Each structure stands twice: as C-alpha cells, then as structure tokens.
Amino acid sequence: MFTLSKNNVLYSLNQRLIHSPLVSCIAGCLLLWICFGIRQSFGVFLIPITEETGWDRSTFSIAAALLQLLWGFSQPFLVYLAETRFGFGKMIFCGSLFYAAGMYMLYASDRSSGLFIFSMGAVIGISAGGNSFSNILASIGRRYPQNSKQQSMAFGIISSFGSLGQGCFLPISKAMLAAVGWKTSFIIFGSLIVASSPLAYFLQTVPPIPALPASNDTEAVNESLDEEEKCGSSSPTTLGISHDDKNQKSMDQEMTAKEELDCRPLEDIAAPDIKTALIEALTSPIFICVTLGFSSCGFHISFLSTHLPAYLEENGISTSLAAWTISIMGFGSMIGTVISGYLVTFIQPKYILMAIFTVRAILFVVITFIPLSTATVLAFSIIFGLFWLSTVPPTTRYIAMVFGHKYLGTLSSITFIGHQIGGFLGAYLGGVVYDQTGGYERMWYGALAISIFAVIINFCAGVEPINERRKRKMAVTAEGFN
4 MFTLSKNNVL
14 YSLNQRLIHS
24 PLVSCIAGCL
34 LLWICFGIRQ
44 SFGVFLIPIT
54 EETGWDRSTF
64 SIAAALLQLL
74 WGFSQPFLVY
84 LAETRFGFGK
94 MIFCGSLFYA
104 AGMYMLYASD
114 RSSGLFIFSM
124 GAVIGISAGG
134 NSFSNILASI
144 GRRYPQNSKQ
154 QSMAFGIISS
164 FGSLGQGCFL
174 PISKAMLAAV
184 GWKTSFIIFG
194 SLIVASSPLA
204 YFLQTVPPIP
214 ALPASNDTEA
224 VNESLDEEEK
234 CGSSSPTTLG
244 ISHDDKNQKS
254 MDQEMTAKEE
264 LDCRPLEDIA
274 APDIKTALIE
284 ALTSPIFICV
294 TLGFSSCGFH
304 ISFLSTHLPA
314 YLEENGISTS
324 LAAWTISIMG
334 FGSMIGTVIS
344 GYLVTFIQPK
354 YILMAIFTVR
364 AILFVVITFI
374 PLSTATVLAF
384 SIIFGLFWLS
394 TVPPTTRYIA
404 MVFGHKYLGT
414 LSSITFIGHQ
424 IGGFLGAYLG
434 GVVYDQTGGY
444 ERMWYGALAI
454 SIFAVIINFC
464 AGVEPINERR
474 KRKMAVTAEG
484 FN
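Start counting the sequence shown at 4; every next residue gets the next number (the working numbering).
Keep in mind the hints are simulated off the structure, nothing from the lab. These numbers come from a predicted model, not from an experiment. Built from N, CA and C at the ideal position, the CB exists for glycine as well. Each hint should be verified, as a subset may be incorrect.
To be verified - What follows is a list of derived Cβ distance ranges for each label pair: (1) G57 <-> P213: 56 to 62 Å; (2) S15 <-> I455: 53 to 59 Å; (3) T377 <-> S115: 36 to 42 Å; (4) F89 <-> Q351: 33 to 39 Å; (5) T361 <-> S15: 48 to 54 Å; (6) S194 <-> D276: 40 to 46 Å; (7) V368 <-> L20: 48 to 54 Å; (8) L33 <-> I282: 36 to 42 Å.
Stated by the list, open to error - As a list, the in silico DMTMM-like pairs of lysine to aspartate or glutamate whose alpha-carbon atoms are at most 25 Å apart: (9) K186 <-> E316; (10) K409 <-> E283; (11) K186 <-> D276; (12) K186 <-> E54; (13) K93 <-> D276.
Please construct the entire structure, taking both the sequences and the accompanying hints into account.
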C-alpha cells in the first residue's frame, strides 16, 4: 500500500510507520517504561541481596554507583555513533539486548560479588547508554518541527513514561521478591527487555523536520504564504508580467531591511560539525552551568532510589510503604514531567530549573528535621515526585535553544555525564556513609546543600544562543584586525 506525502513522495505503509511521530512516541514510551522502570527498582533489592549473600551495603552501592557512572560516560559515544554511523534504531536495539544479558548475569552472581558488580555496574551501565533518554528523545525529536511546542510536549510526555515505569516496577519488584526471589526476578526482567527490543525498529533515524516560521497553526501557514508572495512572487517569471530592468531595480530598493530579514531562510544555529559543536559547548559558561545543575539532580535521584527504602524501614516505616515511596515518586514524576515539558514552551528553562531545585531544598529540610511518620513520608514522596524527572525537558530545551538541534543528542549526553557523576556519588557515598556512621544523616545535609548550589548555578547560567556568541567573536576579531 502506497500513499503520497505532502511533497508528492510515494511512501509505503512501512515507511509511514517509521516516519510517524505517533508510532515513534508509542515505541519510545514503552521502551522507557520497561527499561528505565527496571533500573529504578534496583534499590528494592538492596536488603534481600545483602542479607542472603552476606555482603555489606558498600558492595551493592558501588555496583549501583558504577551503573550510574558508566551509563553517563558511555552515552555520548553511543549517541554519537547512533547519530553518525549506525542509526538510532540499531543502537537502541543492541542496547536493549546487552541490557537483558546483564540481567541474566545477575542471576548467576550470588556467589561472586565481583560478577555482581560487573553485571550491574558495567554491562547494564554501558547498555543503558544505548537505550535510554538521549537516543530515544533525539530520534523522536526528528519527527517534529524543530523547536516547536509539539516537540517540547513530546519530550515531556515520553520522559514521563520513565517515571511511570518507576512507579509500576517498584511494587512489581516487591511482589516478585516475595513470590520467586531476587534471582528469578532478574531472569523475568531480562526476558521482558528482550521482548520489548523490536520496538526499536520504529525509532530508526529519519531526516529532521525543519523549524516552522512562526507557529504550527493555520495563521502561521498563512503568514508563510503571504511572505512567500511578498518575497518571491513579484518576479516576472512568477507572475508573467513584463517589467524593465529599471522598474525591477526600483522595486528591489523599496524592500526594507526588515522585509529582507523576513525573507531569509530560517537560520540553523547548530555548529557545522561535531568537533566545532563540542568546542563551543565545552567552552561555554552556559553549558558548564547547565551540566553542573543537572549533576545535582543525579545525586538526588540516585541517592533516593538506592537508599530511601532502606532508610525508611530502619526508621520505623512499614516495609510496604517504604517500597511504595519510590513508586509514588514515579507516578508523581509522570505528571510533573509533562507539566515541565509544557511550561518550557513559554517560560525560560533556567527559571523552571531554579524553581525545581528550590522546592527540593525545602523538601530535604522537611525530611531531615521533622520526625518521620506515615504523613510526612507520603507528603515528601508525592511532592518530590512532581519534581523527580521534571529537570529533563527544561535541560533538553535549554541545550536546544542555545546550541541548536543538529547535535542535540550528543550535547545532552555530555550533560548527562554530569548527571551520572552526581548519581555515582549519591549511590556510592550513601553506602559508605551508612557503613561508617550507621545512618544517613550526613547524606541528607549534603542533599540539601547541593539543592542550594543547583539554584545558584542555574541562576548564573545565561540564555544567549551560540550564533550570537559567534557574531560577537567575529566582531572582536574584525576589530582586532582594524
């Protein structure tokens, strides 16, 4: 079956499915729901695994921390290979298969802490760089007009399904632990990942849709047509009207500077090649500030997802409620991420990020200084959940606004390295502090201080697009020659 596109290009049903924004969104949502949800449930296995094997918490923590670190460091390379050589679909598919292999290896690691750390930290950590947010969002983003509201909303909705997976898989993991134990649970999870891997077929690389002139509504289309008539339809070849050279020259001179600007094609602010993009980003104070802020988010999420259930159990909170806290955060994050994706369409991302970390700081004050009870735990989980992954859409939007979309996947992956370095410290230091002091009090103080730091660093970040920076550098260079 073949149909004609808007440009009269003949597309088969298969090609239409691959290029479809809706189909790609469904595939991306399901993959993130499963893969991210399973990764976020590992904290539930901390106490059962350490009690059965006799390992201390530092052993489990270093495996979880290494997962975060290698996930972050592998992602830019895997995204770059997906963007330039293999394509997003193949990379996501292979990442899913290796992820499943790591789950199967965890099944056989009960007698070897080294194999456990290698399986969770290295195999699952590196494979996570292939089938996580950056590749999936970069692939789906190409199916929407660049910098459009639809694209921002799609990023928010898709990211929210990672949170939905967290909310769903934590109680599932708790039930499976009670029914079949942690080893069989990892086998089941690995098989589920293998079953979902063919969805990567609908996330193949496609040519990106260019940005719209103004907006995506009928008025924007009419304005575009009006400007096309104003800029191009006055030529003799278009209208079939004869004009002499003198009259034509006079008409051209009547064009104002504004009209000339309006008639130019939309400027792609992205760098011409990956080397230039990396140099511009890594020497940009904006990019450095955004990355440092995102690393604060990684510290919070990794510490809480790895250690919060155990902390609550040891402080008199029931086992079931302790497990449900991360689930509640996941469900709340699904709502918060969609709201965040919507807000970035008309509010600068830096202000949204500042608000998120301000609320987190207040919540850490609550959990640290107010006695724990069912009410405080539920309030903390619900409110913190709204801000759990809501940093992803504004951070992605921030990078796109400043550096363009051509290498968005690679640049967002570099900021994700900062996120995962923070995640490594949150997971690992939580175990070390507990083993040395017998509690997590110092970690809560650290989480509060990092929240305040994130507010300040995002306040210091600018919003100047990279093309404006290039113009200033060129002007300075020209003045130097003069």
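query: What are the numbers of the hints the structure violates, in ascending order?
result: Structure breaks hint 11 only.
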